[in-house]
Amino acid sequence: MTAMVKSEGVHKSFGPVEVLKGIDLEVKQGEVFCLIGPSGSGKSTFLRCINHLEKINAGRLYVDGQLVGYRQKGDKLYELKDSEVALQRRDIGMVFQRFNLFPHMTALENVMEAPVQVKGASRAQARERAGELLEKVGLADKAKNYPSQLSGGQQQRVAIARALAMDPKLMLFDEPTSALDPELVGDVLDVMRDLAESGMTMVVVTHEMGFAREVGDSLVFMDGGVVVESGNPRDVLTNPQHERTQAFLSKVL
Amino acid sequence: MTDKFEKEPADATPPVSKEASSSAAAASVAPEAIKAIPVRHWGRYVSAVIVLALVGLLVNAFATADKIQWSAVGDYVFDDTVLKGAGRTLLISVLAMIMGVVLGVILAVMRLSKNPVTSWVAWVYIWFFRGTPVYVQLLLWFNLALIFPMLNLGPIYKDEMVDVMTPFMAALLGLGLNEAAYMAEICRAGLLAVDEGQTEASHALGMSHAKTLRRIVIPQAMRVIVPPTGNEFINMLKTSSLVYAVTYNELLRATSTIGSTSYAVMEMLFVACIWYLVMTSVFSVFQFYLERRFARGSSRNLPPTPWQKIRVNMMAFSRERGNTA
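Protein chains in written order, with my numbering: chain A, 377 to 629; chain B, 24 to 348.
Hints in this document: simulated from the structure, not taken from any laboratory. Since the structure is predicted, the reported quantities are computational estimates derived from the model, not experimental observations. Even glycine gets a Cβ: it sits at the ideal position worked out from N, Cα and C. There are no misleading hints in this set.
One-sided and incomplete, this derived list gives chain A residues near chain B with beta-carbon spacing under 7 Å:
1. Leu429
2. Asp458
3. Met470
4. Arg474
5. Asn476
6. Phe478
7. His480
8. Ala490
9. Gln493
Chain A on its own, in the form it takes in the complex (with noise of 0.2 Å):
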């Protein structure tokens, strides 16, 4: 199997706060790879390095066998412009803690902008497909609302729909569930259960353990800016052999 995500020795910091202390790991294609840890661990910057919303300041990131963000020649780094980065994110979808959808625009158009401004399809086709995307994560009556009339749940499903619509090969996302209520919370999960199921390669921040247990190809536990303990997500939750991640799921299961 090939490594859709490749993490060798990933350092970040932001000012002199060193969040992320070297993290090496790999995403196989067409796996559902979570990252838990207690806040503050680094796993959404190490997320965000991933689609290079942050820059990392040493190592090597790879997605799909390509170095993100720069070009290497020989032993030379040379950082890539913004239209070649811009092309690298296409391919990799992401889904926000907060949602992010565009206000100003209804479910359906938030679903459209993208293909018919970075892909340049024509309006019709992506309505078209829009159209469906909705009407899988359930929301094809809500086409028409903007995102302020939708509740969290729902915002959220039209994010991810939005996300799908590039036709992505890698799904990233953000604690997706972190800011709902319990209640809207499986409809979120199930949308995403029905994309694992898909086949699609997905990288998941949450706090949501049964989603890591049951849907999980792999976990990774994740502690000031190292990964601590990884492995098959029943093995690492029901018999965790770090003293750091015993205390952690103590706490959270």
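Here the structure of chain A is known, so what remains is to put chain B in place on it, guided by the hints.
Only chain B this time, still in chain A's reference frame:
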């Protein structure tokens, strides 16, 4: 859309109230409605009388003053010279405003750019044009020929400055460049008001900086930018009277010229007031609809237009009558 939303609660209320009242009736007898004598606010009556009396005196003073020739006001409101002056006021205000908005957006983007040179240049521009009075700036443009007798733009353009810097050009440059400085600050505030998550989401979808700005950030910034810009335009309509100083023949200059030859100085100023009020009032209505357009998506229901308000009130009225009948 809005119709659908307005109707829903109206349809939904009757059954709810019926249930509530039936359950209340079942629980106990309805309590007697309170009939109390309201508190009398004597102070309100007194102040109303005083204010009305003062307004009456003021109106009376103007209406009965022998020296005011009200007929002259009527005669000159639609005078050709006055209408042309009002037209020029509108023209110079609109053109200066367009110049201000376009330059203002450019300056705001320059000011926010990561390039220290462009950011610094924009800062100095804003510092100068906001720090000096418009009146002085108008005179500076008007008298530019004193220090630069020739306008020489190399191979592109060359002419005598006095021919280039007509009253119209001095007025346009004076008002427009000054406005740009204010618009830059308004636009900058608007751009900064858009959540950073919007830019991130757009970038994550593979959209370029320029597209993100044009499709995502600016439309949302408009909601913050439009209301103060409307105020700026209303201000501009009035500030444009300062171009009197550079001999541009706008409304104030047109009316004053008539006033000084016909000895109806005050009357002609009244005429000017009427036209300024007409223009600012008409634009205020226009601004209401513009703000409504850019509020899309920010609130669940858009505020109703005056016309919609009337229609809803009429419908509510007829429904009430229908119920009682």
